Amino acid sequence: EVQLVESGGALVQTGGSLRLSCAVSGFPFSSHWLTWVRQAPGKGLEWVANISPDGSRKYFMDSVKGRFTISRDNARNSLYLQMNSLRVEDTAIYYCTRDVAYGYLDSWGQGTLVTVSS
Amino acid sequence: QTVVTQEPSLTVSPGGTVTLTCASSTGAVTSDHHPNWFQQKPGQAPRALIYSTNNKHSWTPARFSGSLLGDKAALTLSAVQPEDEAEYYCFLYYGGAQLNYVFGAGTQVTVL
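Protein sequence lines correspond, in order, to chains A and B.
To convert, note that position 57 of the first sequence is 57 in this note's numbering; the numbers rise steadily by one, no gaps.
To convert, note that position 63 of the second sequence is 63 in this note's numbering; the numbers rise steadily by one, no gaps.
Honestly, the hints are just simulated from the structure, not real lab data.
Treat the hints with caution; some may be incorrect.
Stated by the list, open to error - Only part of the chain A face toward chain B is listed, based on derived beta-carbon distances under 8 Å:
1. Tyr95
2. Tyr104
3. Trp108
Stated by the list, open to error - Straight-line alpha carbon distances no greater than 30 Å define the calculated DSS-like cross-link-like pairs of lysine-lysine that follow:
4. A:Lys58 - B:Lys56
5. A:Lys58 - B:Lys72
6. B:Lys41 - A:Lys43
7. A:Lys58 - A:Lys43
8. A:Lys43 - B:Lys72
In this text, all values refer to a predicted model and were calculated from it rather than measured experimentally.
Note that CB positions come from ideal geometry on N, CA and C, so glycine has one too.
Given these sequences and hints, build the entire structure.
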């Protein structure tokens, strides 16, 4: 059974940093693109970033470029999102997802809540 | 900035049919955008319904179908059931040097 379990969400002040983790099991971790998607309270979904199977390619939405980094540890079956210079508008549930191909996000975690307070 | 547009809300009667659409600010939506559709119910994580225009996930009911309709992607719900009441999101792939993806704002489908 495919499982993705996010952790690391917390309340943080503007300008602060946070590292989200996603523990993955149930499929060959090192074979898949992985994606972070977020959802602000009461709002829609936003694609945040993704990373290639070997970690060499990484892409970000414009508003987080230069502030967020994405990484993975294929030995530990884990995905990470390092978030720096956090803004109030980064407040959201952050979901870890598996991308089978071209945005086919077939598996999702339950999400972890990040709250950025001024 | 690329914008993907969906109807904000639609209402359908049980047993009826409703079509949701997904437009791109860059022009016609084609199979190269690999349109994906996700369903989200309150308090739950989204789940995949349709990928690459018209392919169904293993749990996608047969009454859901994806297509291209004119210059948009479309999701049609036929013989709608009360449990189909949910938010539906379109998700498009925009390739190129700066690989990126964009979600639509979502369509709230009410079964009434």
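Okay, the hints, checked on the actual structure:
Here the hint on tyrosine 95 (chain A) is kept, as its CB sits about 6 Å from the closest CB of chain B, short of 8 Å. The beta carbon of tyrosine 104 (chain A) is positioned within 8 Å of a beta carbon in chain B (closest approach about 4 Å), and the interface hint is therefore held. Hint on tryptophan 108 (chain A) holds. Least Cβ distance to chain B is approximately 4 Å, under the 8 Å limit. Between lysine 58 (chain A) and lysine 56 (chain B), the direct Cα distance comes to roughly 28 Å. Compliance with the 30 Å bound is thereby established for this hinted pair.
About 29 Å separates the Cα atoms of lysine 58 (chain A) and lysine 72 (chain B), which keeps this hinted pair within 30 Å; it holds. Among the hinted pairs, lysine 41 (chain B) with lysine 43 (chain A) is consistent with the structure: their alpha-carbon atoms are about 13 Å apart, no more than 30 Å. Distance hint between lysine 58 (chain A) and lysine 43 (chain A) is fulfilled; the C-alpha atoms sit about 25 Å from each other, no more than 30 Å. Taking the CA atoms of lysine 43 (chain A) and lysine 72 (chain B), the gap is near 23 Å; set against the 30 Å cutoff, the hint holds.
In summary, this structure violates none of the numbered hints.
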